[in-house]
Every structure is written in C-alpha cells, then in structure tokens.
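Read off the chains here:
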Amino acid sequence: MENFSEVLALFLSVDNFLAIAAGVLVGVVVGAIPGLTATMAVALALPFTFSMEPVTAILLLVGIYKGGMYGGSITAILIRTPGSPAAACTLLDGYPLAQQGKAKKALKTALYSSCVADMISNIALIFFAAYLAKIALNFGPPEYFWLICFSLTIIVSVSGDSVIKGLIAAGLGIIVSTVGLDAVYGTQRLTFDSYNLMDRVSFIPLLIGLFAIPEVIEFYTSKVLPHIRTAVSGASLTWKEFKGCLKSVVRGSIIGVIIGAIPGTGATSAAFISYSEAKRNSPRKANFGKGEIEGVAAAEAGNNGVAGATLIPLLSLGIPGDVITAIILGAFMIHGLTPGPVLFQENLTLVYALFCGILVSSVVLLVVGNAAIRYFSLIADIPKSILLPIVLMFCVYGAYAVNNNTFDIGLMLIFGVLGFIFNRTGVAAAPFLIGFILGPMFEDNLRRTLLISKGDPSIFFRGPIAWVFITLTVASLLFAIRRYWLSRQEASAA
Amino acid sequence: MRQLIRNAAKTAALGVAAVLTLSSPQVLAEGWPEDNIRLVVPYSAGGTTDLLSRKVADLLQKELDTVIVENRPGAGSTVATAQLARGGRGSDHTLVMASPGHTIGAAIYPNLRYNPIEDFRFIRNVINIPNVMVVPGNSPYNTVAEFVEAAKQEELSFSSPGIGSSIHMSGELFKNLTGAKMVHVPFRGSGEALPALLSGDVDVAFENMPTVYPHIQSGKLKALAVTTATPSEFLPGVPTIQEAGAEYGLGDYETSAWFGLIAHKSFPEEGVTKLQEALDKIMAGEDFNNFLPQFGAEAGKVVGDDFRNFVAEELTKWAEVAEKANLKR
Numbered sequence: 001m002e003n004f005s006e007v008l009a010l011f012l013s014v015d016n017f018l019a020i021a022a023g024v025l026v027g028v029v030v031g032a033i034p035g036l037t038a039t040m041a042v043a044l045a046l047p048f049t050f051s052m053e054p055v056t057a058i059l060l061l062v063g064i065y066k067g068g069m070y071g072g073s074i075t076a077i078l079i080r081t082p083g084s085p086a087a088a089c090t091l092l093d094g095y096p097l098a099q100q101g102k103a104k105k106a107l108k109t110a111l112y113s114s115c116v117a118d119m120i121s122n123i124a125l126i127f128f129a130a131y132l133a134k135i136a137l138n139f140g141p142p143e144y145f146w147l148i149c150f151s152l153t154i155i156v157s158v159s160g161d162s163v164i165k166g167l168i169a170a171g172l173g174i175i176v177s178t179v180g181l182d183a184v185y186g187t188q189r190l191t192f193d194s195y196n197l198m199d200r201v202s203f204i205p206l207l208i209g210l211f212a213i214p215e216v217i218e219f220y221t222s223k224v225l226p227h228i229r230t231a232v233s234g235a236s237l238t239w240k241e242f243k244g245c246l247k248s249v250v251r252g253s254i255i256g257v258i259i260g261a262i263p264g265t266g267a268t269s270a271a272f273i274s275y276s277e278a279k280r281n282s283p284r285k286a287n288f289g290k291g292e293i294e295g296v297a298a299a300e301a302g303n304n305g306v307a308g309a310t311l312i313p314l315l316s317l318g319i320p321g322d323v324i325t326a327i328i329l330g331a332f333m334i335h336g337l338t339p340g341p342v343l344f345q346e347n348l349t350l351v352y353a354l355f356c357g358i359l360v361s362s363v364v365l366l367v368v369g370n371a372a373i374r375y376f377s378l379i380a381d382i383p384k385s386i387l388l389p390i391v392l393m394f395c396v397y398g399a400y401a402v403n404n405n406t407f408d409i410g411l412m413l414i415f416g417v418l419g420f421i422f423n424r425t426g427v428a429a430a431p432f433l434i435g436f437i438l439g440p441m442f443e444d445n446l447r448r449t450l451l452i453s454k455g456d457p458s459i460f461f462r463g464p465i466a467w468v469f470i471t472l473t474v475a476s477l478l479f480a481i482r483r484y485w486l487s488r489q490e491a492s493a494a
Numbered sequence: 001m002r003q004l005i006r007n008a009a010k011t012a013a014l015g016v017a018a019v020l021t022l023s024s025p026q027v028l029a030e031g032w033p034e035d036n037i038r039l040v041v042p043y044s045a046g047g048t049t050d051l052l053s054r055k056v057a058d059l060l061q062k063e064l065d066t067v068i069v070e071n072r073p074g075a076g077s078t079v080a081t082a083q084l085a086r087g088g089r090g091s092d093h094t095l096v097m098a099s100p101g102h103t104i105g106a107a108i109y110p111n112l113r114y115n116p117i118e119d120f121r122f123i124r125n126v127i128n129i130p131n132v133m134v135v136p137g138n139s140p141y142n143t144v145a146e147f148v149e150a151a152k153q154e155e156l157s158f159s160s161p162g163i164g165s166s167i168h169m170s171g172e173l174f175k176n177l178t179g180a181k182m183v184h185v186p187f188r189g190s191g192e193a194l195p196a197l198l199s200g201d202v203d204v205a206f207e208n209m210p211t212v213y214p215h216i217q218s219g220k221l222k223a224l225a226v227t228t229a230t231p232s233e234f235l236p237g238v239p240t241i242q243e244a245g246a247e248y249g250l251g252d253y254e255t256s257a258w259f260g261l262i263a264h265k266s267f268p269e270e271g272v273t274k275l276q277e278a279l280d281k282i283m284a285g286e287d288f289n290n291f292l293p294q295f296g297a298e299a300g301k302v303v304g305d306d307f308r309n310f311v312a313e314e315l316t317k318w319a320e321v322a323e324k325a326n327l328k329r
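First to last, the protein sequences are chains A and B.
Under full-length UniProt numbering, think of the first position of the first sequence as 1, with each following residue one higher.
Under full-length UniProt numbering, think of the first position of the second sequence as 1, with each following residue one higher.
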C-alpha cells in the first residue's frame, strides 16, 4: 500500500494516543457507575470533539465506547449492579465468584476476555467489513424475526434450576415490555394514562432494580451479616484457567461480531447468546450461574465482540447500529465526513488511520483495565454495612440520571422488590431480562414482516439467512428438550 | 505506561479547564441573563435534536452566559414541554429546543396538560432540515408521478423510524393528499429503518436529508423529491413534492424537520431580545454556516411571532393528518 506512510503520519500523533487513553479511561469509569452509561458519556464528550482533528475526535469517542463496554462488568461483578445493560449477563457468574472471595479472578477474566474479543472484533472490522456489511443489508425483518426466535431459546439455559420458573419469569418480562405505545397503531398499552409509561418501562431503572436492590434488601433482612472477604489479595487468574476459557472467548467474540454487524440487535443479546453457547458446550455446565469463570469470559467476550463490529455498518454503509454509533456518525458529519462507501473512496487514508487507532485502543483497554481493577477491587474490601448504603445511593442516582425523572426511582424500587421475590422463590432474574429485551423485538419484527408482505407468511422462509436461523432455533430447542428429558431420567433413576 | 495515563489524565484536566475558560461569557452585559441559561433537549442524548442543540448552546454561550444542556426525553418530547409550560423557578432562564415533535406530539397525545401555542414564547427558528422522498436504487419508480400511479393500483409500503416522527407524518400527509394506498412500517430509529429501505423491503421513505444523503450519492437510493417548498441546494435537479406532484393534489405539500428555541410564556422581554440578537449574530457567523451543510440543513427563517404562526399552522396540519390516520389517542 503506497499510502501507508500517509496513514502513519495521520495516526502517529500524541493527540491521538491521548484521545484513546482519555476515552478508554472515561469509558471504564463511567461504564462502572450504574446509571451513567457509555452512551451518555459519548454524547457529552461530543461537543469537546468539535475542535479536534477528525481522527482524534472519533478515536476519543470510540475509546469511551470500548471502555464503557468493559467498565460495566466491574460493578456487575463486585456489587451485582451492572454498570451497563450489556454487563447484566456478566453478573450471573461474576457476582457469585466475588462472593466466594474470587473478585480479582472474575475481574481479570472479564478484562482479558474483553480485550481478546475486542481485538477479534477489530480484525473483523478491518478485514471482513465489506462482507459482513452485505449480510447486514440482507437482514430484513423476517431474518430478524428468526434471529430473535433463536435468541429466545437461550432462556432455557439461563433459567437456573427450574426451566418452568424461567419461562414464567420470561413471560413476566414480556408482559412488562408491552407497556407503552403500540409500535404500529400507537394505542396505549398498560400505561394507565401515565406519561411516564408511554415511552415504555425505562431499561436502566429496571436493570438496577432487578439486580442491585435485592442485594440491599437481603442484607438488611438477614439477621446474620454475610461476612464476605472479597479481598484484593484474592487469587488472580492463572494462564491455565484462562486457557480453559479461550474457546468460549473466541466463540463469544465471533457471536459478538455477527450480532454487532447487524444494526439494532445489541450487545446485551450477544452476551446472553455467547453465555448460553458456552454453557451448552462446557463440561462444567452445572457450575454455570454459581461462579464459573468461563461464564464471565463468555459474557464479556460476547458484549465486547460487538464493540468493533458495530462500526462495520457505520463505516461501510453509513448505518448506525445503536445509539452510540449514531452519535459517532454525528461526529463524522460535523467534521464533514460521510461514512459509507464514499468514505472508503475519498478518505481511505483517514479510514486506515482510524483502524490503527482502534487496534491501539484494545491494548490501551488492557492497561487501563488493569489499573482500574487495582482500585475498583478495593470496593470489595469495604464492609457491607458501609458499602450497601452507598450502593443504594448510586442506584437511586443512576435510575434518576437516565431520564432526569423521579418516576424512574419508584420504578427501580418496584423492580427491586420483584427481584427480591425472585431471589426468595428461586426464580432466575435473567430470563425476565431477556423477555423484556427480546419481547418487543420479536413483536416488532413479526408485525413489520407481515406489514411488508401484506400478510403473506411465505416471506418468513425467503432466503438462506432465514433458514440458517430457523435451523439454529429448532436445533437449540431440540437440544434443550433432550437435556431436560435426560435430567428427568437421571432424577427418576436416583 | 502508568506515566502515560497520568499524563493523559493531566492533559484531559487541562483540556477541560481550557474549554471552560474559553467558553466562559465573553460579553457580560447588565440585566438578563442573571444566571446560567438552561437549554432543555426534549430527546435522549445523541439524537439529531441533541446534536444540534449542543452546537447551538456552544455558540450561544460565546455570546451570552454559560449554557447548560439538559436532556429530558419522554413521550415524544411532551414531558419536557409540559415541564416548561408549568413554569416556576428558573423558567426565566430555561429554553427548550422545539422540533416537529412539539406539534405532532400535541396532535397525537391525549390530555396534553398545556397549550402548545399559548403557553410559550417563541424565540426563533434556528435550523431546518428537509426530508427527502427516497426509493431504493433499483426501484421501478423514477418520479413522484410514477410512484403515485403505482400506489393507486397496489398498496405500497413506507418506512419510518417510529410512529409520530416527522418522517412518519410526512408519509401520512402524502398518503392523505394523494389518496394513494400506502402502509406504514414503523422501525425503531433510522438505523433500523434504513437497511429495510436499502434492500428494497419497503418501497419508499420520507427520511431526513442527512440520513439518506450519502446513499443518494452512492446510487443506493433514488431521490424522487424534497419535502420542502423550495428545492435543496444539496440535491440539484431534484424537484420539490409540490412541483412534481401538483396534479395529484400535492400542490400544498410541505414538511421539514425544524428546530427552534421556545421558552415559558412569562419569559422576560429583555431575554427574548438578547437571545434573538445573539442568534442573529451566530447565524450570520462562519462557524454556524460551516456547520449547516454537514446536516444538509438550512438556517431557520422565522423569528418571534412569525415563528409562533408557523408552529400554529404546523399544529393544524398535523392535527388533521393525525385525525385521518387515526393516530389521535
């Protein structure tokens, strides 16, 4: 490539490195604070980038995005409060590990998996962008529909001990997700004429309520103080342990890349699909949900695998896959650049300089993440009687901060009580969350598909992508039924 | 490496300090503003309204006092607007960036607790973004006329990033005026709507200019017409819907995504004047005019009472469209 020196000249500036470092640092910290999302941080950072060079500006925003994606896992592991929605899956095994005094191990697993996934995602962005973008364009409503069907089958694997209870929780999640205005006709559903419910139940308050609040209630209702030593001195992650997870990390990264390349699906789904696949293929299936590092690794690989790949539809098609990439698209436009095929023709040097920066950002994430673990894991040493009131304060603040709305605080507390009831009755909260996230996507795409085909159902079977996901869905269901049957047989034999 | 991070943190802190110094008031005249100005964005951080508001705030605080941008999303912008209408403490320094949501929201949400015209002071229309009627690149329709003729024979679909958006309502208005058979396929955000259009799953959309502009250039989408009354300088040779569809009843068709500052009805007169002066100055400036083309946008035209009248007309138009499309809830 003859322009390589130009690329390096554009990329190798102190500003770019500072932007990446500052971005990742801000991202990790903001991502770790519940209610402060990477989306907010990127939006707030945007005006600061107006006066920067285009490459520097975009690297700063991408840095925040990547940092935020990882940062969310820190509080998920330490205090069962996912700092970002995508980290909800990480806490399934991360928090039990912290309770067993293995916080450091869990945090390191999350970090290394995130960085590996990030790297794989970057490489996919650089080498397969054109190909993956083509798939993304062929992903219409019927294909989404089948992807969501497949994703729904993972409810079975995150249901904990009882599939029936898991399905009940998922059903409840779907019911809660229907609150708001109907997407096609605009009729009000379960809003009780409240303005606060018209835009559906807010996600972040639900998330914080469901996972963090029950811990607080448990603490104050239990007579015996749970004395948990999650010391910083706790054993770190060994190479052997990480090697054992590597397969799941790579699998999760690939799942993340595919999900990330398709606009509008999201990191949370990727994390859960990756987790469920890891569990299905693991020899230590039974340990998942009880503190299995492979679970942490898979979840984090899934959500970080999305980070680089969401830039695929953005850069190659000019289509933002989520809110953050929509803001990054804005940053491009402010600097007079229009992402899409034209960008590759007219500003190839800039695109490659960006790629260099994005690769560097994964390495920076490793360094910043390691530093963050050192300080954040101190949280685990704070006595719970001091920590939990602070957690509660952050929960209240986080629920409020998303929409600057006090109604959301009440909402969070209601879901907190629901989460507590779930805990006490042995119902897993994860299926509820999946139902809540995927329910509306299922409905929207089903209805969109039928609107487009004017009611003709044959559109559901229109092409190879649809068939791939139909096959996966059926296989996943058959597999789940077989496993259920086998476990029943074992139980009756015992 | 730790040193590097430390340096980065130091530089970042210095940077923030520098930005704050730079952005502190340069003109501190007597009287209004006596406090920081609050600019409320009635949508989430990151959308077009947010992006434009932050730019305007950035420019405004160079002229007046510090401007703090605050996002208060909810119920298609009506949550923030209702709060502004209530007034109270601080309302003499609070502005809302109003957009089509102000009138469409009023047209489709029930029991609105404010009057979208009477309860506000209309300061100035700042930016307008045209919508473009686009079809997939391989679509058989090359003109508005061809499209309408086809849509009279069989039902065609139009996409939007959500119910009640200016993009959706532009389509409903088109459908009303022409009597064409069109079914609305709502998505969640343009990011989801665009692929369906590019791949030809839906037949047409009335998308915001900046969203579709690159795809028109690359030939993946065809621009049939712009929704504004005058052609856009960004799409030379593309007619307006008014011109291209006059014979199908589209002679009065006009929509755009407009953005403008509104305040509580009791907003001090001095504040209105100062804001209008500041905006005039900003809008004549190089910075603002370099910013506009990135969004395929034009500078807003109407000020004060003219802006108010414009919004009132919009309201009537959308109320009628919402009624016919059965959207009044």
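These are calculated hints, taken from the structure and not from any lab test.
This structure is a prediction, so every number in the text was calculated from the model and none was measured.
Ideal Cβ placement from N, Cα and C applies to all residues, glycine included.
Warning: the hint list may mix true and false statements.
Derived coverage of chain A by chain B (criterion: at least 3 residues anywhere in the stretch with Cβ under 8 Å from a Cβ of chain B; other residues may be distant) [what the hints assert, rightly or not]: (1) 98 to 108; (2) 148 to 161; (3) 273 to 286; (4) 411 to 423.
In silico lysine-lysine, PhoX-like type, Cα no more than 25 Å apart, as pairs [what the hints assert, rightly or not]: (5) 152/B x 454/A; (6) 281/B x 62/B; (7) 454/A x 265/B; (8) 317/B x 274/B; (9) 454/A x 274/B; (10) 301/B x 281/B; (11) 181/B x 274/B; (12) 301/B x 324/B; (13) 301/B x 454/A; (14) 134/A x 165/A; (15) 134/A x 62/B; (16) 265/B x 317/B; (17) 317/B x 152/B; (18) 165/A x 285/A; (19) 454/A x 222/B; (20) 247/A x 165/A.
Structure-based check of each hint:
no.	hint	result
1	98 to 108	violated (count 0)
2	148 to 161	violated (count 0)
3	273 to 286	violated (count 0)
4	411 to 423	violated (count 0)
5	152/B x 454/A	holds, 16 Å
6	281/B x 62/B	holds, 11 Å
7	454/A x 265/B	violated, 48 Å
8	317/B x 274/B	violated, 31 Å
9	454/A x 274/B	violated, 54 Å
10	301/B x 281/B	holds, 14 Å
11	181/B x 274/B	violated, 49 Å
12	301/B x 324/B	violated, 30 Å
13	301/B x 454/A	violated, 42 Å
14	134/A x 165/A	violated, 40 Å
15	134/A x 62/B	violated, 45 Å
16	265/B x 317/B	holds, 23 Å
17	317/B x 152/B	holds, 23 Å
18	165/A x 285/A	holds, 19 Å
19	454/A x 222/B	holds, 24 Å
20	247/A x 165/A	violated, 30 Å
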